[in-house]
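Q: Residue strings, one per chain:
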Amino acid sequence: MSINTAREGHTYPAVTYQVGREAVREFARAVKAEHPAHFESEAAADLGYPDVVAPPTFAVVVSQRAEAAIIADPEVGIDFSRVVHADERFVHHRPITAGETLSAATTLQRIRTMGAGAMVTTVTEITHDDAPRATVTSTLLVRTEEEAA
Amino acid sequence: MTPSLTDLEKGQSIGRRTVELSRADLIRYAAASGDHNPIHWNDRFAAEVGLDGVIAHGMLTMAVAVELVIAWAGDPTKVVDYQTRFTQPVPVPEPEHGSPETPTAALEVSGKVGRVDAESQTARIDLSVELASGDARSKVLTKAQAVVVLN
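Quick mapping for you: the protein sequence lines, in order, are chains A and D.
Counting along the first sequence from 1, when you hit position 137 you're at 137 in the working numbering, and nothing is skipped either side.
Counting along the second sequence from 1, when you hit position 80 you're at 229 in the working numbering, and nothing is skipped either side.
Some hints here could point you the wrong way.
[As the list claims (entries may be wrong)] Some, not all, of what chain A presents toward chain D, calculated at C-beta under 10 angstroms:
1) E26
2) S41
3) V60
4) G77
5) S81
6) H85
7) F90
[Claimed, not checked] With the C-beta cut set under 7 angstroms, the calculated list includes, among others, these residues of chain D facing chain A:
8) I176
9) G183
10) W190
11) F194
12) A196
13) V215
14) Y231
15) P238
16) P242
17) V298
Since the hints were derived computationally from the structure, they do not count as laboratory data.
Note that this is a predicted model, so its numbers are computed, not measured.
C-beta atoms are modelled at their ideal positions from N, C-alpha and C, and glycine is treated no differently.
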């Protein structure tokens with residue numbers, strides 16, 4: 001199976017994600033985060049936020065749900081069992097906070113085919129009430145069968 | 150206390166720490182993140198896709214590394230930009246005995262000031278993340294950079 005570059009530039013339908021307080025706390029514990037603003041609303045209020053704030057990489061929980069549309073798109077042809085995560089970037093416009101209903105839409109920015117496979121770069125824009133929250137850029141290395149053989 | 154931009158110099162250390170990972174940590178991250186790829190919890194499956202065994206989520210390594218920056222900055226919301234490349238897997242073997250909470254991998258995380266930008270009131274922290282368990286030390290992240298607002 002090879003990767004089809006025809007979908008480059010395509011933006012997939014947005015997914016919504018309700019940021020729960022317990023989800024933020026559970027994620028913060030899982031990444032060994034220590035700052036009280038991830039766990040206690042009072043500590044978040046001290047920083048000027050209405051509820052607990054998510055750790056910087058929490059945005060991946062939201063972005064990967066939106067990116068799933070690309071993996072599932074038969075027009076692109078990504079075999080998920082051959083995917084290796086190559087790089088990730090989070091640009092935060094404002095911290096993600098419990099209680100927000102986020103919208104996340106992924107654009108297939110670039111597919112670069114190489115001898116060993118293809119590098120697939122996606123950009124996911126995360127918003128709350130149309131106000132920007134985070135831009136998540138992710139690159140996956142997809143190995144092709146020719147390389148594995 | 151939040152560091153002051155004017156006190157920072159390129160190359161200055163922000164500290165270092167060792168982060169240990171256990172199989173239980175990987176299960177917790179899978180649950181919290183929704184990334185249930187079996188290469189992070191099932192040795193047989195990991196071997197079938199060509200790995201020596203279970204490896205940590207790259208995103209978990211990325212997440213635990215930036216905690217050094219947050220501890221230094223004193224505020225998680227000051228991290229406005231954070232990126233990395235994933236270069237080496239972090240093997241997390243099953244402990245030979247005892248609880249799955251027993252750490253079987255260790256990461257050595259250190260950071261230094263890479264750039265100070267007075268105009269945007271930001272400092273870029275360059276992180277070094279090395280595997281400190283197993284046979285040899287190796288960099289597991291490259292170009293791991295966090296931009297922190299200091300004002």
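Q: All hints are to be evaluated individually against the structure, with a verdict given for each.
A: Okay, the hints, checked on the actual structure:
1. Taking 10 angstroms as the C-beta contact cut-off toward chain D, the hint placing E26(A) at the interface holds, the least distance being around 5 angstroms.
2. Taken as an interface hint, S41(A) does not check out: its beta carbon lies about 14 angstroms from the nearest beta carbon of chain D, beyond 10 angstroms.
3. Hint on V60(A) holds. Least Cβ distance to chain D is approximately 5 angstroms, under the 10 angstroms limit.
4. Residue-level restraint check for G77(A) is violated (minimum Cβ-Cβ distance to chain D is 19 angstroms; threshold 10 angstroms).
5. The closest approach between the C-beta of S81(A) and any C-beta of chain D is roughly 6 angstroms, which is under the 10 angstroms cut-off, so the hint is satisfied.
6. At its closest, the beta carbon of H85(A) sits 5 angstroms from a beta carbon of chain D; the interface hint therefore holds under the 10 angstroms criterion.
7. The interface hint given for F90(A) holds, since its Cβ lies 5 angstroms from the closest Cβ of chain D, which is under the 10 angstroms cut-off.
8. Nearest Cβ of chain A to the Cβ of I176(D): about 9 angstroms, over the 7 angstroms cut. The hint is violated.
9. Using the Cβ-Cβ criterion of 7 angstroms, the hint placing G183(D) at the interface with chain A is satisfied: the shortest such distance is roughly 6 angstroms.
10. Taking 7 angstroms as the C-beta cut-off, the interface hint given for W190(D) is violated, the closest approach to chain A being about 13 angstroms.
11. For F194(D), the interface hint is violated, the least distance from its beta-carbon to any beta-carbon of chain A being 10 angstroms, above 7 angstroms.
12. Interface hint status for A196(D): violated, as the beta-carbon distance to the closest one in chain A is roughly 13 angstroms, over 7 angstroms.
13. A cut of 7 angstroms between beta carbons decides the hint on V215(D): the least distance to chain A is about 6 angstroms, and the hint holds.
14. Against a cut-off of 7 angstroms between C-beta atoms, the interface hint on Y231(D) holds, since the closest Cβ of chain A lies about 5 angstroms away.
15. For P238(D), the interface hint is violated, the least distance from its beta-carbon to any beta-carbon of chain A being 9 angstroms, above 7 angstroms.
16. Because the closest C-beta pair between P242(D) and chain A is about 20 angstroms apart, greater than 7 angstroms, the hint is violated.
17. The interface hint given for V298(D) is violated, since its Cβ lies 10 angstroms from the closest Cβ of chain A, which is over the 7 angstroms cut-off.
Comparing the model with each numbered hint stated earlier shows that hints 2, 4, 8, 10, 11, 12, 15, 16, 17 do not hold.
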